[in-house]
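Chemist: Produce the complete structure using the sequences and hints provided.
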Amino acid sequence: MEALKTIRPELLTLAPDQLRALSPYLFVFAGTLLAILFSAARVVKSRWPAFLIFIVSSIIGTVAALVLLREPPTLLFNGMMSSDAYANSFCVIFLVSAIVTAASSLKYLDNEELQQPEYYVLILFSALGMMLMASALDLIVMFIAFELMSLAVYMLVGFRRNDRRSNEAAMKYFILGSAASAVLLYGVALLYGATGSTSIRGIFAYLQAASGQGVTPVFAIGAWFAVLGFLFKIAVVPFHMWMPDVYEGAPVPVTGFMTTGLKAAAFAAFLRVFIATGYGSGVSAVIQNHIHDILWVSAVLTMVIGNVIALTQTNLKRMLAYSSIAHSGYILVGMIAGPLSEQGYAPVFMYLTAYAVMNLGAFVILTSLAARNDGGLNLHDFSGLSRRHPWLAFSLAIFMFSLAGIPPTAGFSAKYVLFYSAIQANEIPLVVISVLCSLISVYYYLRVLVYMYMRDTPDEVPVRRRVSVWSAAAIAAMVILTLQIGVLPARIVAAAKKAVTSL
Amino acid sequence: MSQVEPWVVLSFCSIIFFIGFTGLLIRRNILVVLMCIELMLNAVNLTFVTYAKLLQNLGGQVAVFFIITVAAAETAVGLGLVVAMFRTLRSVDTDQIQLLRE
Numbered sequence: 001m002e003a004l005k006t007i008r009p010e011l012l013t014l015a016p017d018q019l020r021a022l023s024p025y026l027f028v029f030a031g032t033l034l035a036i037l038f039s040a041a042r043v044v045k046s047r048w049p050a051f052l053i054f055i056v057s058s059i060i061g062t063v064a065a066l067v068l069l070r071e072p073p074t075l076l077f078n079g080m081m082s083s084d085a086y087a088n089s090f091c092v093i094f095l096v097s098a099i100v101t102a103a104s105s106l107k108y109l110d111n112e113e114l115q116q117p118e119y120y121v122l123i124l125f126s127a128l129g130m131m132l133m134a135s136a137l138d139l140i141v142m143f144i145a146f147e148l149m150s151l152a153v154y155m156l157v158g159f160r161r162n163d164r165r166s167n168e169a170a171m172k173y174f175i176l177g178s179a180a181s182a183v184l185l186y187g188v189a190l191l192y193g194a195t196g197s198t199s200i201r202g203i204f205a206y207l208q209a210a211s212g213q214g215v216t217p218v219f220a221i222g223a224w225f226a227v228l229g230f231l232f233k234i235a236v237v238p239f240h241m242w243m244p245d246v247y248e249g250a251p252v253p254v255t256g257f258m259t260t261g262l263k264a265a266a267f268a269a270f271l272r273v274f275i276a277t278g279y280g281s282g283v284s285a286v287i288q289n290h291i292h293d294i295l296w297v298s299a300v301l302t303m304v305i306g307n308v309i310a311l312t313q314t315n316l317k318r319m320l321a322y323s324s325i326a327h328s329g330y331i332l333v334g335m336i337a338g339p340l341s342e343q344g345y346a347p348v349f350m351y352l353t354a355y356a357v358m359n360l361g362a363f364v365i366l367t368s369l370a371a372r373n374d375g376g377l378n379l380h381d382f383s384g385l386s387r388r389h390p391w392l393a394f395s396l397a398i399f400m401f402s403l404a405g406i407p408p409t410a411g412f413s414a415k416y417v418l419f420y421s422a423i424q425a426n427e428i429p430l431v432v433i434s435v436l437c438s439l440i441s442v443y444y445y446l447r448v449l450v451y452m453y454m455r456d457t458p459d460e461v462p463v464r465r466r467v468s469v470w471s472a473a474a475i476a477a478m479v480i481l482t483l484q485i486g487v488l489p490a491r492i493v494a495a496a497k498k499a500v501t502s503l
Numbered sequence: 001m002s003q004v005e006p007w008v009v010l011s012f013c014s015i016i017f018f019i020g021f022t023g024l025l026i027r028r029n030i031l032v033v034l035m036c037i038e039l040m041l042n043a044v045n046l047t048f049v050t051y052a053k054l055l056q057n058l059g060g061q062v063a064v065f066f067i068i069t070v071a072a073a074e075t076a077v078g079l080g081l082v083v084a085m086f087r088t089l090r091s092v093d094t095d096q097i098q099l100l101r102e
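Line by line, the protein sequences are chains A and B.
Mapping the first sequence onto the numbering used here, position 493 (from 1) lands on 493, and the numbers just tick up by one.
Mapping the second sequence onto the numbering used here, position 72 (from 1) lands on 72, and the numbers just tick up by one.
Among the hints, a few may not be true.
[Said to hold, decoys possible] For each label pair, taking beta carbons as the anchor points, the in silico distance ranges come out as:
#, chain 1, residue 1, chain 2, residue 2, range
1, A, 286, B, 15, 25 to 33 Å
2, B, 69, A, 238, 26 to 34 Å
3, A, 469, B, 15, 54 to 62 Å
4, A, 209, B, 75, 38 to 46 Å
By construction, these hints were calculated from the structure, which means they are not laboratory data.
From the three backbone atoms N, C-alpha and C, an ideal C-beta is built for every residue, glycine too.
Modeler: Right, dumping it as structure tokens:
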């Protein structure tokens, strides 16, 4: 109650450097409001105003985040948010994946007769939510950011309003997603009860003070609920059932956005909370061992089940959905190893970046090739693609090599760094299982290549679709990034190290 | 006037939370499922308020306002999705969600 009696003026205003630190969020937020105005008023009956506002505001936001990367971290809003290298690097990932998604959707939405300006508004809203998630230092702020992101994505999943699959996917995602949020929030409430604070640093300070005498049961249960909520959101194996269905029902570009942006955001927030639960800090051996064991089991299950089910899929969209589950498993390996190896959580960041780049690229190609109602994405539809679309086939081949982890691509260097840190952490059995799982994955990724390059075009030749300039530019950029991270990984490794030092 | 012990309120909250969670798992009508989600969020609110009183700390009381707001937004989106689903499915039963079950 003391805080109410003394109003501290510095809490009510923003200093110039704080305003500067907020600039990416402000640009994106301003873009969201402008775009929503244009789509509500329909001054111009076209998709261009919302789309252009989207592109301009997110590019400015990206540039602002890149500029802020060079500056020291700033605490905002009484320590509830922090604009550090970690948050800003993730902002760049989210905004780039939003830009690529929007660029590839432009023609797709025309083909599907879904062209509504609200689509771009929703993507921008969810990108804003993701950015806030990565920078939140308070669990309540994190929850609000989470919901800002999720609510927009629920609507995007159900964007094909007249399609039954899309509706079902949206409903399923909505129910399970809100249940997970409620479980997460109950965990936050219990953590608050145990520690008297909802801030991540406050919780960690409590843990350090309590080290030696162990944590109270309320704290342990709260930490459990919070971790379970996050495990659900990142869809690791016991909680993965919703994911392939949702990914299949959502429009293709939205699926691409969910596998990259949404997953990176969930991991970004999870990592902050994860550290706050005391894993790796040696304050509580009980928590350390419990969390280690549960993550170990779910990482192994996630990798094995994700990869094995992906083997049996003949639809490319569904196959990439299961492979996305498998990749979550690899990232969990990085989280288990993080505090015990010398690179810390840098491999996790690097893997998320590489995965975002290669998976976005693959989904832009799927978006350009999708027939009406997301048909035409079965493996046999890709037969002879190298004759019909040589460049698309070549780019898809690079992304598949990268997803399988074959040099010289981004997937290889990311996996190398990740497994190396796990070996340093003495998690040898885990590394052996991960490598075996990536071997399985080579089969289903390279099967796509076999269809594209070694099978003849089917008799009923599919309509040759023109690829829009926007999509072509996005694919080219992702190919270059994939090869760049693969051939010269030093830069991204340095960026990842810098990002995680501010955690 | 006798006061209610905090642990009574807290156990009450956890019971409400698990009633909501069980309802979410076993009920088939989507509107009832939405109510169960609401029940879970309200149990969380009650937990926050109880702890705020117990710890003499305002943070928990403030959190409740945010949670109420988010819950309202969530319900708005959820009901929108129910309407969209009813248009194509002619039902609000989760048993009808089966196209994606493979």
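Chemist: It remains to establish, for every hint, whether it holds in the given structure.
Modeler: Evaluation of the provided hints:
no.	hint	verdict
1	286(A) with 15(B): 25 to 33 Å	holds, 27 Å
2	69(B) with 238(A): 26 to 34 Å	holds, 31 Å
3	469(A) with 15(B): 54 to 62 Å	holds, 59 Å
4	209(A) with 75(B): 38 to 46 Å	holds, 40 Å
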